[in-house]
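Trainee: Here is what each chain is made of, one letter per residue.
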Amino acid sequence: MTEKTIQAHAERPDPEHERDRQCMSRRQFLLAGGAMVTLAAVGLPGELMAAPLHALRASYPKVKIGSLSALKKGAPVNFNYPYPNVRNVLVKLGVRAGGGSGPERDIVAFNQQCPHMGGPLDGTYKDAHQALGPCPLHLTTFDLTRYGMVISGQATASLPQIVLEVQGDDIYAVGVQGLVYGYAAMTAKRA
Amino acid sequence: MSKSERFIPADRIPLPPRDAEVLTTACDYCTIACGYKVYRWPVGREGGMAASQNALKTDFPHPNMMTAWISPTQHNIVTHRGKPHHVVIVPDKDTKVVNVGGDHSIRGGTLGQKCYNPDTPTRERLLHPMIRVNGKLTRVSWDLATEAMADISKYVLTQHGEHSWAVKMYSYQYFENTYAITKLAMTSIGTPSVAPHDKCAATNDATGMDDAGIDSFSSCYEDWRLADVGFLSGVDPYETKTTLFTQWMMPGDAKLIFVTPHKTVGVAWAEANNRGMWLPINVGTDTVLHLALARIIIENGWQDQEFIDRWIAKPWEVDSGYGRGTRNTGWQWRTTWGAWQSDWEDYRKFIVAQEESKLEVAAQITGIPAEKIRLAAEWLAKPVNGQRPKASFMCEKGNYWSNNYMNTASFAALGLICGSGNRPGRMISRGGGHQRGWMGAGGGSGWLSPEKYPGRRKKDFNLDRWLMVGEIKFAWVFGTTWVAAMMASDALGARMRELTNGSPHQITSLDRAAIFQTLKRRVDSGGMVMVDSDIYPCEPVGTEFADFVLPAATWGEDDLTRCNSERRLRLYSRFYDPPGEARPDWWAVMKFADKMGFTVDGSYSWKTSNDVFEEAARFGRGGVLNYEPLVQMAKSRGLKGHELLRSLGTTGIQTPIRVKEGKLVGTQRLHDPANDWGEMEGSEVHGHFLHSFNTFTGKAILLKTPWKFPGWIQFFDAVKPRTEKDELWVTNGRVNETWQSAFDDRRKPYLHQRWPDNFILIHPNDAKKRGIESGDWVEIVNDTVYVQTGQPQGVLDADLNFNNLLKEGHIKTTAGKFRAVAIVSDEMKEGITQSNFNTPKSMANAVVSAVPDPVTNNYRYKLGRGTLTKVGESEYKTDLSRMSLKPRHIV
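Protein chains in written order, with the working numbering: chain A, 1460 to 1650; chain B, 20 to 910.
Calculated directly from the structure, the hints in this document are not laboratory data.
Be a bit skeptical, because a hint or two may be false.
Simulated pairs of lysine to any residue, SDA-like, Cα-Cα distance not exceeding 25 Å [stated by the list, open to error]:
#1 Lys896/B x Arg1555/A
#2 Lys1585/A x Pro103/B
#3 Lys1585/A x His782/B
#4 Lys1521/A x Arg31/B
#5 Lys787/B x Arg1555/A
#6 Lys1585/A x Tyr1519/A
#7 Lys76/B x Arg1555/A
#8 Lys76/B x Gly1533/A
#9 Lys1585/A x Ser793/B
#10 Lys896/B x Gly1533/A
#11 Lys1531/A x Val910/B
#12 Lys112/B x Gly1533/A
#13 Lys102/B x Lys112/B
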């Protein structure tokens, strides 16, 4: 596996593990599936290059999640944002994308929980089609060049898109478009 | 596009408070009908994030997949008893049937966006009855609309006869409505001019299965989990019957054989996971595949001989019919004497004698590699360690909408020799399209049809042909896109326009007498009056042709009932007020019936939809949708039928309902000998189809299907793509994300951005030759679209075959074209393109001929052809906010 997870927040472990014992969590599913979770850290501010499709309703912290020089086309990088247990993927698609950042407007980031029933999309990036999926639960695929739109499948929302800013070489996450599975409001952080 | 039409992802949803009301319903869309819960509470407050503070009893946010969550598209604000209310419409996570655990499709998952809310595109709902005055639809009262309709109807019936008074209607939109409409049309008016939404005639669907004695909806969803192998003919249930696939097929290790020219998601998934096989078939050639599979099975002795000896009709049993010999068997009514009927020995001889059943010949005709056909036969029937595989067979429109009679008859025979048809995990059935919502009012009027098979045997009435020859004077359309849904759509639409707003006699005032005089002149000069009952302006019947447009109330706006494709009956609860003056169609029928004077004997005195439900019950008593015992049970307890059904929630009960030891008992599957309980209880009407096949003897009938049957092969040869014109097959189908004509989806911003326009899927080699890329606008033209315009009656055997119709001048040659956005992908087989089957502004059926199967009066819907020409670049090449152009088979 070539992916790595960049932990943007170094916080205590998820206190919801108690509940996880009764109901399989996405994290457990991932671990059971053999996905790897690693930690790393980067950070430097720069110029603004975000092109969000829609106005944001909530404000989020600006967090550095990667750099242009380190990001390779077709090699996704995992990061968590805006909360420690919200898993996302940063990817340079190689083609212009809706909401894309960077000089070629081809850098995008999306949440990796399927907004159908919360299935894990981690590790499912398909570079040939710039798509995420299929979700292992019900096979939904998402078009990362078109704001995370469903290509085929059952999700009743597009994949939540992480709004990016590029300043110099640095890539920042600055917001979330959409509602992450399991949330009723993006402003209500998990305990 | 206004701001509200644009999809704007929300980042919060209101949670239902603990005291929110909860009502049950089922999905309005596909045949599977997942169970849903509606949470309703007044605007002004919301539930809290803690489990103790919301009706889902769940802490938010939570990390648990496949549990309670509300997507933003599942919330809306509606009016209930005149006051604004929140509604959240979510799959029932507590259900143990259908969508176990709260699974759902993208269609049902967005039901919340269907509800009328003037702040959303649903503001386009029809709100008031309207009459077209000087070309403009003008608001009128229900009284004036129905009085004016009755005035001209009475004149038409007196002057032109009941045949000229027509109904084109949905077959599925709830028992209460279909019962009321058929009571009006067939009983009170007594016209044979009635056709359902999907056919030109009130004829059979999977006709060959019916004649074999197999009910199209005999199986239950569990059969797909119990089967070792599934043969899926002309269907990928993932695309069209989502939770049947994701809940009942994906789990386990059953192998799946997909017969379709389109490698859809389910096909690609099954292949990638060693669970399936794709048989990429040439359009219309399924019969040959079935013959070849049967031959391999028979030559290897893999047939289920024990089952055949017990359950396949012997020669004498084939000939027996209600004391009248063969005359009353289905295929004899439809065809010539002796052409199809068979028994095991005769069928076996027939199979091995066919040139087309030879593996190499079949591979050439079907375009499927011989080794794949052989392997499919092994999967279906070759015993492993002395055990026969349990095989179930499903067909849908790729099968029965390309060669209606022969594909279904040969499909049924293939299943039967594998020992399937009446046992758990071994069933033969349709997958289903719409839910089962037809409750005919009994009696019927088909005997008045002027159409006859050779030998003057009764034949169903072809409403499209009747319209083309100008015999319809008054047509009432209920909730269907008549033009786009039927074949040769351009020619049909042009004729409809000529008969309605092409007439010089147009309504110019709202004076009742003046309206009558105008419409009288219209019908007497060869024109036609149209009424369109719908929830939205329907193109083009409602928007251009209809003189009367009536606003219908729909799902969620009245208590309604119907069954799904495993015959599961449930109450679809009313949970909000219909918009404006919209009323359910049963009410509109009642209003019109009153103006016609049909209520003088006390008929049509319904107060609520429950009154219709209870009245309709007795007309379904002998059939597979029998729910009368439930109504009787309710009455004995002093309850309304609807209320007893409501108490069964999303579980409902499978029809036919029976009574055992005083309790209501549903029927899981039909034809199963385990259903034989001996004595009946209560008001049950015994039907032997419950525990044996649906033939006189209870034994299934093997039918022969010679590929060169002239009623088929002449037409097939005439409509194939012509190489000299560089044509391709232009077939049509569905995509998962769109329900039917997208009447709701185009008003759901989330779904509309996915499919804002019609598509055409093209293989890369076919695209390259024509200089077409994904995102290009493509014009598809067929300059030879055949339309049958006459000859309803056959005398000699060959009279209704294509070549004879052509020779005798009963085939009109028209042209058809449509425009769609290209998606270039190798998910399509080379030489075959596919477009959405029913997009009113881009009618793929325009390039399909309107010449029905002479055996069944059913169109060959899938056999379109045309040239493909790039005519420009669509906005979707550059607008990245709409219409993904990615292939569908990414796994």
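Trainee: Okay, which hints does this one fail, numbers in order?
Mentor: Numbers 2, 6, 7, 8, 12 and 13 - these are the hints that the structure violates, sorted from lowest upward.
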